[in-house]
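Colleague: The opening residue of the sequence shown carries number 3 in my numbering; numbering runs sequentially from there.
Note that these hints are calculated values from the structure, not bench results.
Only a predicted model underlies this, so the values are computations on that prediction, with no experimental measurement involved.
Every residue gets a Cβ at the ideal spot worked out from N, C-alpha and C, and that includes glycine.
Be aware that a few hints might be false.
[Said to hold, decoys possible] Below, a list of computed lysine to aspartate or glutamate pairs in the DMTMM-like style, where the Cα atoms sit at most 25 angstroms apart: (1) 25 x 218; (2) 199 x 170; (3) 15 x 217; (4) 234 x 102; (5) 80 x 170; (6) 18 x 144.
[As the list claims (entries may be wrong)] Just the calculated beta-carbon pair ranges, DEER-fashion: (7) 154 x 103: 45 to 55 angstroms; (8) 237 x 175: 22 to 32 angstroms; (9) 25 x 170: 19 to 29 angstroms; (10) 168 x 50: 36 to 46 angstroms; (11) 258 x 73: 25 to 35 angstroms; (12) 207 x 32: 39 to 49 angstroms.
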Amino acid sequence: MEKTFVEQIQINKSNKICGLHPKTKLVILISYSICSFIFMTLNLTNLNIPILVIPWFFVLPILALLSGILKRFLKGFKVIFTVSLIVFLVQLFLIPGGSELWRFYFLSIYQGGLKSAINLTFMITNIAGIFLWYFQTTTNQEISRALEESGMNYKAAFVFTSSLKMIDVLGKNSRTIMNAQQARGVETEGNILVRAKAFFPSMVPLILGAVINADEKALTLEARGFNYQCKKTRLFNLKKSGWEKQATLISIGITIIVLGWRILWQIM
Numbered sequence: 003m004e005k006t007f008v009e010q011i012q013i014n015k016s017n018k019i020c021g022l023h024p025k026t027k028l029v030i031l032i033s034y035s036i037c038s039f040i041f042m043t044l045n046l047t048n049l050n051i052p053i054l055v056i057p058w059f060f061v062l063p064i065l066a067l068l069s070g071i072l073k074r075f076l077k078g079f080k081v082i083f084t085v086s087l088i089v090f091l092v093q094l095f096l097i098p099g100g101s102e103l104w105r106f107y108f109l110s111i112y113q114g115g116l117k118s119a120i121n122l123t124f125m126i127t128n129i130a131g132i133f134l135w136y137f138q139t140t141t142n143q144e145i146s147r148a149l150e151e152s153g154m155n156y157k158a159a160f161v162f163t164s165s166l167k168m169i170d171v172l173g174k175n176s177r178t179i180m181n182a183q184q185a186r187g188v189e190t191e192g193n194i195l196v197r198a199k200a201f202f203p204s205m206v207p208l209i210l211g212a213v214i215n216a217d218e219k220a221l222t223l224e225a226r227g228f229n230y231q232c233k234k235t236r237l238f239n240l241k242k243s244g245w246e247k248q249a250t251l252i253s254i255g256i257t258i259i260v261l262g263w264r265i266l267w268q269i270m
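Could you put the whole structure together from the sequences, leaning on the hints where they help?
Modeller: Written out as structure tokens, the structure reads:
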């Protein structure tokens, strides 16, 4: 039997974790972030280093694997890893403090630098990584619908999701323009100066295209009665995977256990 238009626009996910309600995923995101900050305050070993943030980081690839997006997650995590590696090396070799742990000619690693490097690096990887997982498992359409269900004004929800969509649109348009420039014989690959010369001329058609698209989108919204003060018809509805309650309880439970352990550690 052929599906109707309303049935075709619905999002059906076979993976239970990937198909969790956006609110439940937000609970997981907040719980993971809270636990990350708690582990950063636990200075263990003789060097007083928050060593627990390292094994806690591996929860992210496990979560991505259970969500069925491990390959996509690792691909998107490359940028985060590169930035984190640069931050780690800068903090490691440039921050003094405490006893000297290692020296090679003019390069030195101090206890304070190692602690600062681990703290800042894994704060970036953990927080950015959990947000990456959230947006890779949740579409903009789902986020918009969840915001409206939470009581947010439909205009504010539309502005929020449109901003997220605009990032993808500008990225695709930028790649299209760069490919067109390359087809015309413009050098787009090489050192930083060559790339900069090719990048800045592409900004003009990119910005003009964004302005034209914004004007067309405004006309479309006006034709659909977006500003009319009446009950809105919504064809897209969020579906629950059935694991929302279990995922929420597990996330909150782990956060309470970690927080309780941190309090007991402080007392002892």
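Colleague: Evaluate each hint against the coordinates.
Modeller: Hint-by-hint comparison with the structure:
Of the pairs offered as hints, the one joining residue 25 and residue 218 is violated, with about 32 angstroms between alpha carbons and a cut-off of 25 angstroms exceeded. Between residue 199 and residue 170, the direct Cα distance comes to roughly 23 angstroms. Compliance with the 25 angstroms bound is thereby established for this hinted pair. For the hint pairing residue 15 with residue 217, the CA-to-CA distance comes to about 34 angstroms; that exceeds 25 angstroms, so the pair is violated. In summary, the hint linking residue 234 to residue 102 is not supported, as the alpha carbons are separated by about 65 angstroms, beyond the 25 angstroms threshold.
As the CA atoms of residue 80 and residue 170 are separated by approximately 18 angstroms, the hinted pair is consistent with the 25 angstroms bound. This hinted pair checks out: residue 18 and residue 144 have alpha carbons roughly 15 angstroms apart, not beyond 25 angstroms. The hinted window of 45 to 55 angstroms between residue 154 and residue 103 holds, with their beta carbons roughly 50 angstroms apart. Under the hint 22 to 32 angstroms, the C-beta atoms of residue 237 and residue 175, about 28 angstroms apart, fit the expected range.
Range check, residue 25 to residue 170: about 23 angstroms between beta-carbon atoms, so the 19 to 29 angstroms window is met. Checking the proposed 36 to 46 angstroms range against residue 168 and residue 50 shows it holds: the Cβ atoms sit about 44 angstroms from each other. Here the CB-CB span from residue 258 to residue 73 is close to 33 angstroms, well matched to the stated 25 to 35 angstroms. Distance hint check: the CB atoms of residue 207 and residue 32 are about 40 angstroms apart, consistent with the given range 39 to 49 angstroms.
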